[in-house]
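Chemist: Taken in order, these protein sequences are the chains called R and C. Using our numbering, the letters of the first sequence map in sequence onto residues 46 to 424. Using our numbering, the letters of the second sequence map in sequence onto residues 102 to 365.
Take these hints with a grain of salt, some might be off.
Claimed, not checked - DSS-like, lysine-lysine: derived pairs with alpha carbons at most 30 Å apart:
#1 R/77 to C/155
#2 R/77 to C/185
#3 C/171 to C/124
#4 R/137 to R/150
#5 R/137 to C/135
#6 R/77 to C/181
#7 C/171 to R/77
#8 C/181 to C/135
#9 R/194 to R/385
#10 R/77 to R/103
#11 R/106 to R/129
#12 R/103 to R/150
#13 R/155 to R/385
#14 C/135 to R/106
#15 C/171 to R/137
#16 R/106 to R/61
#17 R/150 to C/284
#18 C/128 to C/326
#19 R/90 to R/58
#20 R/61 to R/129
#21 R/137 to C/284
#22 C/326 to C/135
#23 C/185 to R/106
#24 R/106 to C/171
#25 R/77 to C/135
#26 C/135 to C/115
#27 R/90 to R/61
#28 R/296 to R/173
#29 R/77 to R/58
#30 R/173 to R/186
Simulated from the structure, these hints should not be mistaken for laboratory data.
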Amino acid sequence: MNDIQSDQQPQWKLEKFENHYIISLYGQWLAKNNNIPSFSCDHLKKIPANQTLYFDTKNLKNWDSGLIIFLWDIKCQATHYHLKVSDDNLPKSAQELLSLLHESKEEAPKKQLAPFRPFYTIGGWTIKGLTNLGITIQMLKEVAIGVFKSFAGRSYMRIVDLITDIQNAGPSALLIISIVNFLVGAILGFVGAVQLRRFAADAYVANLVSIATVREMAAVMSAIVISGRTGGAYAARISTMQSNEEIDALKVLGVSIMDYLILPSMLSLVITMPLLYLYGCFMGILGGLIVSIFMLKVSIIGFLQQSFNAVAFNQFVFGSVKTVAFAIFIGVSSCYIGLKSGRSAVDVGLAATRAVVTGIVGVIAIDAIFAVIADMIGI
Amino acid sequence: MDNQLSDQSLLSVKNLTIGYDSKIIQKDINFNVKRGSIFALMGGSGCGKSTLLKSMIGLLEPIAGDYFVKDENYWQSSRKRRIKIARNFGILFQNAALWSSMTVGENVALPLQLFTQLSSEMIHRLVELKLGLVGMEYAINLYPSELSGGMRKRCGLARALALDPEILFFDEPSAGLDPITSKRLDDLILTLRNGLGTTIIIVSHELSSLFTIADDGIFLDAESKTPLAHGSPREMHDHPPCQLVYDFMHRQRYDNAEEKEKQK
Numbered sequence: 046m047n048d049i050q051s052d053q054q055p056q057w058k059l060e061k062f063e064n065h066y067i068i069s070l071y072g073q074w075l076a077k078n079n080n081i082p083s084f085s086c087d088h089l090k091k092i093p094a095n096q097t098l099y100f101d102t103k104n105l106k107n108w109d110s111g112l113i114i115f116l117w118d119i120k121c122q123a124t125h126y127h128l129k130v131s132d133d134n135l136p137k138s139a140q141e142l143l144s145l146l147h148e149s150k151e152e153a154p155k156k157q158l159a160p161f162r163p164f165y166t167i168g169g170w171t172i173k174g175l176t177n178l179g180i181t182i183q184m185l186k187e188v189a190i191g192v193f194k195s196f197a198g199r200s201y202m203r204i205v206d207l208i209t210d211i212q213n214a215g216p217s218a219l220l221i222i223s224i225v226n227f228l229v230g231a232i233l234g235f236v237g238a239v240q241l242r243r244f245a246a247d248a249y250v251a252n253l254v255s256i257a258t259v260r261e262m263a264a265v266m267s268a269i270v271i272s273g274r275t276g277g278a279y280a281a282r283i284s285t286m287q288s289n290e291e292i293d294a295l296k297v298l299g300v301s302i303m304d305y306l307i308l309p310s311m312l313s314l315v316i317t318m319p320l321l322y323l324y325g326c327f328m329g330i331l332g333g334l335i336v337s338i339f340m341l342k343v344s345i346i347g348f349l350q351q352s353f354n355a356v357a358f359n360q361f362v363f364g365s366v367k368t369v370a371f372a373i374f375i376g377v378s379s380c381y382i383g384l385k386s387g388r389s390a391v392d393v394g395l396a397a398t399r400a401v402v403t404g405i406v407g408v409i410a411i412d413a414i415f416a417v418i419a420d421m422i423g424i
Numbered sequence: 102m103d104n105q106l107s108d109q110s111l112l113s114v115k116n117l118t119i120g121y122d123s124k125i126i127q128k129d130i131n132f133n134v135k136r137g138s139i140f141a142l143m144g145g146s147g148c149g150k151s152t153l154l155k156s157m158i159g160l161l162e163p164i165a166g167d168y169f170v171k172d173e174n175y176w177q178s179s180r181k182r183r184i185k186i187a188r189n190f191g192i193l194f195q196n197a198a199l200w201s202s203m204t205v206g207e208n209v210a211l212p213l214q215l216f217t218q219l220s221s222e223m224i225h226r227l228v229e230l231k232l233g234l235v236g237m238e239y240a241i242n243l244y245p246s247e248l249s250g251g252m253r254k255r256c257g258l259a260r261a262l263a264l265d266p267e268i269l270f271f272d273e274p275s276a277g278l279d280p281i282t283s284k285r286l287d288d289l290i291l292t293l294r295n296g297l298g299t300t301i302i303i304v305s306h307e308l309s310s311l312f313t314i315a316d317d318g319i320f321l322d323a324e325s326k327t328p329l330a331h332g333s334p335r336e337m338h339d340h341p342p343c344q345l346v347y348d349f350m351h352r353q354r355y356d357n358a359e360e361k362e363k364q365k
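Kindly generate the complete structure, drawing on both the sequences and the hints.
Modeler: Below you can see the structure in the form of structure tokens.
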């Protein structure tokens, strides 16, 4: 029990007065003052069960939630020791608030960390990975069927959606594709010029830039940009539709999600990616050409002739096929991630991040596979 | 904090015109809200109730007119001052608007951490209390996605109460709730008003809820873009000033062409 020290400090005292137990409250009980005392259970231990606790509030000054916190402590502990609490002498509004509070604080369930079980975890990952792979293959199959159905005019895909997606994935991305490929071509030209000049092999800068751009850089850089820009947008859009129950509404209507949502997204990428790749090749070679003109003083005709000699037509074909594979991967992975996301704002952000990361890593992995295939078929 | 209804106006709206850009949603809005009262913004769908609420909580600047909070002209005040005034507001949004990346406890604690100097132990005790007042203390470690709509609303209310605001704004508190949960929420709002003495502005078209809790209110009309009636929902029900208010309060279809013409 506390000694009464100051008028303003929140103080209390438990006394026995003619068989009544009275808790007297003194001073200001304001939470903002950060000085609300706790009510310890020791004080009620000695009081026989079924007794009633009364309050004396004659000296109670201003109060807010701080007093209610203290009164709730008393109410809970009194219940624990089988005591009754009479709130008759409390201010009317405090009585109202106290009536809302339960007689025991319900224990909040604690989040527990999962125990460390390596085999269980690895097994879980494996099952999850194989499940994802299975669902992705299933999606690919359904999209392929959707393509055939759309040719037969039996698909739910709306042409207007396809055109909008093509516009977003293609023409709207031209600026960023231009900047990225131009700069990559220029960097290749610059590094090539500095190194090859040492061996008096300046003339081969055109070969370096054009082969690197057509074989690898234009396809990979364009795919990475599209993965970040369009893949992320697809995942966020589908995830938001998921949280707004728009996808549920489509399912209830019996509209195929694959046809209606995934097919236009995927087709738009398959149509635009090879075109963006060819445009990226042009911008990359242009970047290398401009650097060469300024650093090596080569002629435009000479640079272009050297480039055409270095790059065969089948390399453009191979690059285009590669970008179609990238497009399918980005489309499937981003739409799948969007469909499997949760329904909160955090989940939308997570879906977009996952789609971008998966897209970039996947594009590089697929590019590695294509590099081996190119070697095997002698391109 | 032992409060009683007083006649002193806490909020005052004078000749307010609200809308988006130049599109007027409502004009000539005039009303006072008494301290400790529950004031309802009523009207059919699309009449501008939520837009008016947005203007009153500082999210949408009105096109014209004045809005006073405790005799301070809110929209004429500096941005810094407006933020300070808005600390006295607690808002329960239609979908509770709990931050999904935080637990319920963190949601309620955030305003206390940002705007008070309280110790973390005191903040924890206050968070427990606010959640206890709405009967949700067990949800302190749960995420909003783990709760039902009614539970989210109650947790949203606990967050709105975090800073002991003088004025609470509720946007459609009963929307999407079953009648029993809705009734419990009404009782909770009344008890909190009586216990905390908070002034409450409520946007709703749930008649049963309005009859139970609102002391005063205003009825907005989408067609004339002006308020049609002012008074308690019960008064409007018993003595409707026009056909539209009568129809709304008695759940009838408004198809009296002559009356419609007069309204115009």
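Chemist: Against each hint, give a clear statement of whether it holds in the structure.
Modeler: Right, here's what the structure says about each hint:
1. Distance hint between residue 77 of chain R and residue 155 of chain C is fulfilled; the C-alpha atoms sit about 29 Å from each other, no more than 30 Å.
2. Restraint check for residue 77 of chain R and residue 185 of chain C: the C-alpha separation of about 17 Å stays at or below 30 Å, so the hint holds.
3. As the CA atoms of residue 171 of chain C and residue 124 of chain C are separated by approximately 29 Å, the hinted pair is consistent with the 30 Å bound.
4. Taking the CA atoms of residue 137 of chain R and residue 150 of chain R, the gap is about 23 Å. The hint holds against a cut of 30 Å.
5. Under the criterion of a C-alpha separation no larger than 30 Å, the hint pairing residue 137 of chain R with residue 135 of chain C is consistent with the structure, at around 20 Å.
6. Restraint check for residue 77 of chain R and residue 181 of chain C: the C-alpha separation of about 22 Å stays at or below 30 Å, so the hint holds.
7. The straight-line distance between the Cα atoms of residue 171 of chain C and residue 77 of chain R is roughly 22 Å, inside the 30 Å bound, and the hint therefore holds.
8. Taking the CA atoms of residue 181 of chain C and residue 135 of chain C, the gap is near 26 Å; set against the 30 Å cutoff, the hint holds.
9. For the hint pairing residue 194 of chain R with residue 385 of chain R, the CA-to-CA distance comes to about 25 Å; that is within 30 Å, so the pair holds.
10. Straight-line distance between C-alpha atoms of residue 77 of chain R and residue 103 of chain R comes to about 22 Å, which keeps the hinted pair within the 30 Å bound.
11. Annotation: proposed proximity of residue 106 of chain R to residue 129 of chain R holds, straight-line Cα distance about 25 Å (limit 30 Å).
12. For a cut-off of 30 Å, the pair hint linking residue 103 of chain R to residue 150 of chain R stands: about 28 Å separates their Cα positions.
13. Straight-line distance between C-alpha atoms of residue 155 of chain R and residue 385 of chain R comes to about 27 Å, which keeps the hinted pair within the 30 Å bound.
14. Taking the CA atoms of residue 135 of chain C and residue 106 of chain R, the gap is about 25 Å. The hint holds against a cut of 30 Å.
15. At most 30 Å may separate the alpha-carbon atoms for a hinted pair to count; residue 171 of chain C and residue 137 of chain R meet this at roughly 26 Å.
16. Distance check on the hinted pair: residue 106 of chain R and residue 61 of chain R sit about 23 Å apart at the alpha-carbon level, within 30 Å; holds.
17. Using a Cα cut-off of 30 Å, the hinted pair residue 150 of chain R and residue 284 of chain C holds, with the two alpha carbons roughly 24 Å apart.
18. With a CA separation close to 6 Å, the supplied pair residue 128 of chain C and residue 326 of chain C stays within the 30 Å bound.
19. This hinted pair checks out: residue 90 of chain R and residue 58 of chain R have alpha carbons roughly 15 Å apart, not beyond 30 Å.
20. Proposed proximity of residue 61 of chain R and residue 129 of chain R is supported: the alpha carbons are some 15 Å apart, at most 30 Å.
21. Between residue 137 of chain R and residue 284 of chain C the CA atoms are separated by roughly 23 Å; this keeps the pair inside 30 Å, and the hint holds.
22. Of the pairs offered as hints, the one joining residue 326 of chain C and residue 135 of chain C holds, with about 25 Å between alpha carbons and a cut-off of 30 Å not exceeded.
23. Restraint check for residue 185 of chain C and residue 106 of chain R: satisfied, since their Cα atoms lie roughly 27 Å apart, inside the 30 Å limit.
24. Restraint check: the Cα-Cα separation between residue 106 of chain R and residue 171 of chain C comes to about 24 Å, which is no more than 30 Å; the hinted pair holds.
25. Our distance criterion of 30 Å between C-alpha atoms is met by residue 77 of chain R and residue 135 of chain C, whose separation comes to about 26 Å.
26. Between residue 135 of chain C and residue 115 of chain C the alpha-carbon distance is near 15 Å, which keeps this suggested pair within the 30 Å criterion.
27. With a CA separation close to 14 Å, the supplied pair residue 90 of chain R and residue 61 of chain R stays within the 30 Å bound.
28. Restraint check: the Cα-Cα separation between residue 296 of chain R and residue 173 of chain R comes to about 25 Å, which is no more than 30 Å; the hinted pair holds.
29. Note on residue 77 of chain R and residue 58 of chain R: the hinted pairing holds, with a Cα-Cα distance of about 22 Å set against a maximum of 30 Å.
30. For a cut-off of 30 Å, the pair hint linking residue 173 of chain R to residue 186 of chain R stands: about 20 Å separates their Cα positions.
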